[in-house]
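> Spelled out, the chains give:
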Amino acid sequence: NAGVTQTPKFQVLKTGQSMTLQCAQDMNHEYMSWYRQDPGMGLRLIHYSVGAGITDQGEVPNGYNVSRSTTEDFPLRLLSAAPSQTSVYFCASSYSAWGVGGGYTFGSGTRLTVV
Amino acid sequence: AQTVTQSQPEMSVQEAETVTLSCTYDTSESNYYLFWYKQPPSRQMILVIRQEAYKQQNATENRFSVNFQKAAKSFSLKISDSQLGDTAMYFCAFSTNTDKLIFGTGTRLQVFP
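These protein sequences, in sequence, are chains A and B.
For the first sequence, counting from 1, position 16 maps to 16 in this note's numbering; every step adds exactly one.
For the second sequence, counting from 1, position 37 maps to 37 in this note's numbering; every step adds exactly one.
Hints should not be assumed to be uniformly reliable.
Each pair of labels, with its calculated beta carbon distance range [as the list claims (entries may be wrong)]:
no., chain 1, residue 1, chain 2, residue 2, range
1, B, Q57, A, V115, 45 to 53 angstroms
2, A, G53, B, F112, 47 to 55 angstroms
3, B, S30, A, T15, 41 to 49 angstroms
Output of the computed footprint for chain A on chain B, the stretches with three or more beta carbons under 8 angstroms from beta carbons of chain A [unchecked claim]:
no., region
4, 43 to 57
5, 100 to 106
Hints in this document: simulated from the structure, not taken from any laboratory.
Cβ coordinates follow ideal geometry from the N, Cα and C atoms, glycine included.
With the hints as constraints, model all of the structure from the sequences given.
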């Protein structure tokens with residue numbers, strides 16, 4: 001039972017490079033979301049999805065793209081990395097936006113450094 | 001807009017003592033869920049406890065309990081018999097039936113022997 005799997009765990013990018021953070025869940029959760037965690041700011045929502053084919057913006061969406069072609073996968077794309085995107089990124093999934101049935105399950109995070 | 005406020009950036013407690021972490025929130029919704037998540041140095045986000053807004057009874061999970069005051073929009077976490085393994089960041093969070101899980105800025109708890 002893998003839960004939510006995020007890859008990679010660590011990444012260093014140069015300014016202007018692009019990359020995709022992967023997130024996969026095997027719990028048949030409809031709701032998936034991406035957060036970034038910065039010191040003193042808690043976790044801020046980047047994008048979220050309430051089901052395959054449906055995505056929406058969160059609090060800090062600029063510079064990030066998402067798509068949801070399957071229930072299981074919700075990749076986060078950085079098109080042109082900037083130093084301001086240095087952060088720890090978390091993917092989370094849930095049966096619903098309510099978080100019922102066990103709450104939200106989080107991946108182990110990706111520490112991204114943009115130099 | 002929904003907001004979650006944790007006014008204590010850092011707290012400390014001696015082992016076996018009790019500590020209370022504060023959280024207030026703002027919303028115009030009547031139905032919602034409140035959560036406390038723990039983040040130890042391993043970085044993993046762990047659900048500690050959750051409360052459904054329409055339930056008046058305060059949730060409890062072993063040594064963890066909440067004081068939910070709906071009218072005051074307050075949701076504090078009490079940790080009894082603190083253990084060294086409770087050392088972590090604690091995040092209060094809020095969600096509605098329409099969308100996202102919103103977090104506070106966190107409280108760093110240090111448990112001393």
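> Which of the listed hints are not met by the structure?
none
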